[in-house]
Amino acid sequence: MSDVKKIATRESYGEALAALGEEYKDIVVLDADLAGATKTSVFKKKFPERHFDCGIAEGNMMGIAAGLAAAGKIPFASTFAMFAAGRAFEQVRNSIGYPHLNVKIGATHAGISVGEDGASHQCLEDIGLMRTIPGMVILSPADDTEARLAVRAAVEHDGPVYMRFGRAAVPVLFDENYKFEIGKGVVLKEGTDVSIIANGLCVSGALEAAEKLAEEGINAEVINICTIKPLDEELVVASAKKTGKVVTAEEHNIIGGLGSAVAEVLSEQCPTPMYRIGVRDRFGESGPGGELVKKYELDGEGIYKQVKAFLTK
Amino acid sequence: MNNQDLKKICNEVRKDIVTEVHAAKSGHPGGSLSAAEIYTFLYFEEMNIDPEKPLDPKRDRFVLSKGHTSPGYYAVMAERGYFPKEELTTFRKTGSRLQGHPSMRYLEGIDMSSGSLGQGISAAVGMALAAKVNGDDYRVYTLLGDGEIEEGQVWEASMFAAAKNLDNLVVIVDNNNLQIDGTIDTVNSPYPIDKKFEAFNFHVVCADGHDFDSLRAAFKEARETKGQPTAIIAKTVKGKGVSFMENEAAWHGSAPNDEQYATAMADLEKIGEEL
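Protein chains in written order, with my numbering: chain A, 198 to 510; chain B, 3 to 277.
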């Protein structure tokens, strides 16, 4: 896939904000000394009077975002997923979630693809944390196209939104005809033998795995679930009913994320044999992001192998 | 409004506070009573507000960062006409708009939900920043406990407020010297409070939190201060006005029984008669 264009979704985030800034004058962007890394520097360059660096103080940044939203602005609070969802969890819960304020959290550098920085910066629990907050919308886009559409959808949505972006460049999968709606999953490939439900950088891996499986006569359905909350339960249940076997794939701990969300829905509405692909309840480690994605079997080959093992069990 | 009228209202606020907490059989009277003059001065003199238009975008904002002293907040809101006084006895009860800690989603007029210490000040800073971005001239007031300022977030917010020259922000510290585990200097001393805010580039005013002349001068000074936020360090007595609650840490978060309630109300009636 060397000819495929690759863009990191954090780039998409910064570009989308800069583009939306013209249209939505109430957008303001907050950073915690990481504007270069979160790519909101693109917005900052265009709208310096609407960008505020809070310094290295993420809890306070979330509170400031809450106050801005209470006064009618549309704040985007940006930092690494580790600090947005982890360090500032209680501020997000009590100052943003509980009063249901219109704050958008742009969490970049999620997952092990952060690479060399290692486990302290590889957030694998953010989705789990954010899912427990009532009213929080959670988006984990798969590519540049979807990430840009997700940022627009977040602006248009009234209420708190947590957006998860990656550091590493990932293949551009979708073109300008791609339709995005909060709460709606997208069937990328129809199939009958197994459902692979993925998000984030695992979507391209899931598509690759489906190709490999097809070569062996296994017809996998691939679903992209960008919105983890509210989850497209109807689509998940319909696919599970059709294929009778479900695999989830995500760059997150297998506890608390997409796999858990899908398992919760299926166990109540349509009990189905399942396997969760993700980081198996351990911390990450240092290494080039691409190598770690392979090592933790979140790439096409890794997903293929795990789906195959699940199907032959 | 003259001091005599403010004092009368303030005494009603104190009666409301003990009535709420007694009716709920729980709540935080000590820090509500210590801040009664501050609440009264803000809602009857200082702030540009209209209970008929609680969501007016041009209104001054108040964030109760020390959210547990909601009895004082609700008392002054009821006295000011935001909701009927009879509702005060629903405080903390199932279905009440008067949640244990203030929620903007339950009661219109509350500018920010609060309760988790150290967080309200950040929201107040965000509101003050929004005013600057929009070119609005409303002011933002936030009330903190002296124990609360042990939270690191208070200083993150203060650093930001001064760095961004938010002169439309007034931070009031209710310095009643008591927190749950004892006096603030024995638990984890934040003293000297004035020097700390000065070091964070605030304009600092020390005031007597039970004296309306002192509060009037402090808030005037805050309004006249340009280019930096103001911190008013208000020296107060925890439990003020109720003889057996004064300077007693135990009354931080407990409710009077029927007998104690009668004594408290008698204390306050007496103060009222003398006004």
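Treat the hints as calculated values from the structure; they're not laboratory data.
Quick caveat: nothing in here was measured; it's all calculated off a predicted structure.
Quick reminder that beta carbons are idealized off the backbone N, C-alpha and C, glycines included.
There may be inaccurate statements among the hints.
Unchecked claim - Some chain A residues judged to face chain B by a derived CB distance under 8 Å, without partners named:
hint, residue
1, Ile204
2, Pro245
3, Gly252
4, Ala254
5, Gly260
6, Ala262
7, Leu265
8, Ala267
9, Lys270
10, Arg284
11, Gln288
12, His297
13, Gly380
14, Asp478
15, Phe480
16, Gly484
Claimed, not checked - Beyond 12 Å from chain B on every Cβ pair, some chain A residues (computed):
hint, residue
17, Ala215
18, Glu246
19, Pro272
20, Ser292
21, Glu412
22, Thr440
23, Gly441
24, Gly499
25, Phe507
As the list claims (entries may be wrong) - Partner residues are not named here, just some residues of chain A that face chain B (Cβ under 8 Å, in silico):
hint, residue
26, Val201
27, Phe249
28, Asn257
29, Glu287
30, Tyr295
31, Pro296
32, Gly453
33, Thr509
Consistency of the hints with the structure:
The beta carbon of Ile204 of chain A comes no nearer than 31 Å to any beta carbon in chain B, farther than 8 Å, and the hint placing it at the interface is violated. The interface hint given for Pro245 of chain A is broken, as the beta carbon of that residue sits about 12 Å from the closest beta carbon of chain B, more than 8 Å. A distance limit of 8 Å between C-beta atoms decides the matter here; for Gly252 of chain A the minimum to chain B is near 7 Å, and the interface restraint holds. Residue-level restraint check for Ala254 of chain A holds (minimum Cβ-Cβ distance to chain B is 4 Å; threshold 8 Å).
Among the interface hints, the one on Gly260 of chain A holds; its C-beta lies about 2 Å from the nearest C-beta in chain B, closer than the 8 Å criterion. Hint status for Ala262 of chain A: holds, given a least beta-carbon distance of 6 Å to chain B, under 8 Å. A hinted interface residue such as Leu265 of chain A counts as satisfied when its beta carbon comes closer than 8 Å to some beta carbon of chain B; here the least separation is about 4 Å, so the hint holds. Annotation: Ala267 of chain A was flagged as interfacial toward chain B, and the flag holds, the nearest CB pair being 6 Å apart, inside 8 Å.
About 5 Å separates the beta-carbon of Lys270 of chain A from the nearest beta-carbon of chain B, less than 8 Å, and the hint is met. Evaluation of the Arg284 of chain A hint against chain B yields a violated restraint, the C-beta minimum of about 11 Å exceeding 8 Å. Interface hint status for Gln288 of chain A: upheld, as the beta-carbon distance to the closest one in chain B is roughly 6 Å, under 8 Å. Interface hint status for His297 of chain A: upheld, as the beta-carbon distance to the closest one in chain B is roughly 6 Å, under 8 Å.
This hint is violated: Gly380 of chain A has a C-beta 22 Å from the nearest C-beta of chain B, more than the 8 Å allowed. Interface hint status for Asp478 of chain A: violated, as the beta-carbon distance to the closest one in chain B is roughly 29 Å, over 8 Å. This hint is violated: Phe480 of chain A has a C-beta 26 Å from the nearest C-beta of chain B, more than the 8 Å allowed. Interface restraint check: Gly484 of chain A against chain B, minimum CB-CB distance 33 Å, threshold 8 Å, status violated.
Interface exclusion of Ala215 of chain A from chain B stands, the closest Cβ pair being 18 Å apart, more than 12 Å. Non-interface status of Glu246 of chain A relative to chain B is broken: a Cβ of that chain comes within 12 Å, the nearest being about 7 Å off. Some Cβ of chain B comes within 12 Å of the Cβ of Pro272 of chain A; the nearest lies about 8 Å off, and the non-interface call is violated. Its beta-carbon lying about 5 Å from the closest one in chain B, Ser292 of chain A breaks the requirement of being farther than 12 Å from that chain.
Consistency note on Glu412 of chain A: stated as away from chain B, and its beta-carbon is indeed over 12 Å from all of that chain's, at 54 Å minimum. For Thr440 of chain A, the condition that its CB be more than 12 Å from all CB atoms of chain B holds, with the nearest at approximately 42 Å. Non-interface status of Gly441 of chain A relative to chain B is upheld: no Cβ of that chain comes within 12 Å, the nearest being about 43 Å off. The claim that Gly499 of chain A is not at the interface with chain B holds, since no C-beta of that chain comes within 12 Å of its own (minimum 41 Å).
Against chain B, the non-interface label of Phe507 of chain A holds: every CB pair exceeds 12 Å, the least being about 43 Å. About 41 Å separates the beta-carbon of Val201 of chain A from the nearest beta-carbon of chain B, more than 8 Å, and the hint is not met. For the restraint placing Phe249 of chain A at the interface with chain B, the shortest Cβ-Cβ distance is roughly 7 Å, inside the 8 Å limit, so the hint holds. Interface hint status for Asn257 of chain A: upheld, as the beta-carbon distance to the closest one in chain B is roughly 4 Å, under 8 Å.
Given the 8 Å rule on beta carbons, the hint for Glu287 of chain A holds: about 6 Å separates it from the nearest Cβ of chain B. Contact between Tyr295 of chain A and chain B, as hinted, is supported at the beta carbon level, the nearest pair being about 6 Å apart and thus within 8 Å. Interface restraint check for Pro296 of chain A: the shortest CB-CB distance to chain B comes to about 4 Å, inside 8 Å, so the restraint holds. The criterion of a C-beta within 8 Å of any C-beta in chain B is not met by Gly453 of chain A, whose closest approach is roughly 23 Å, and the hint is violated.
Restraint check, Thr509 of chain A versus chain B: the minimum CB separation of about 50 Å is more than 8 Å; hint violated.
Figure legend: structure checked against the earlier numbered hints; hints not met, in rising order: 1, 2, 10, 13, 14, 15, 16, 18, 19, 20, 26, 32, 33.
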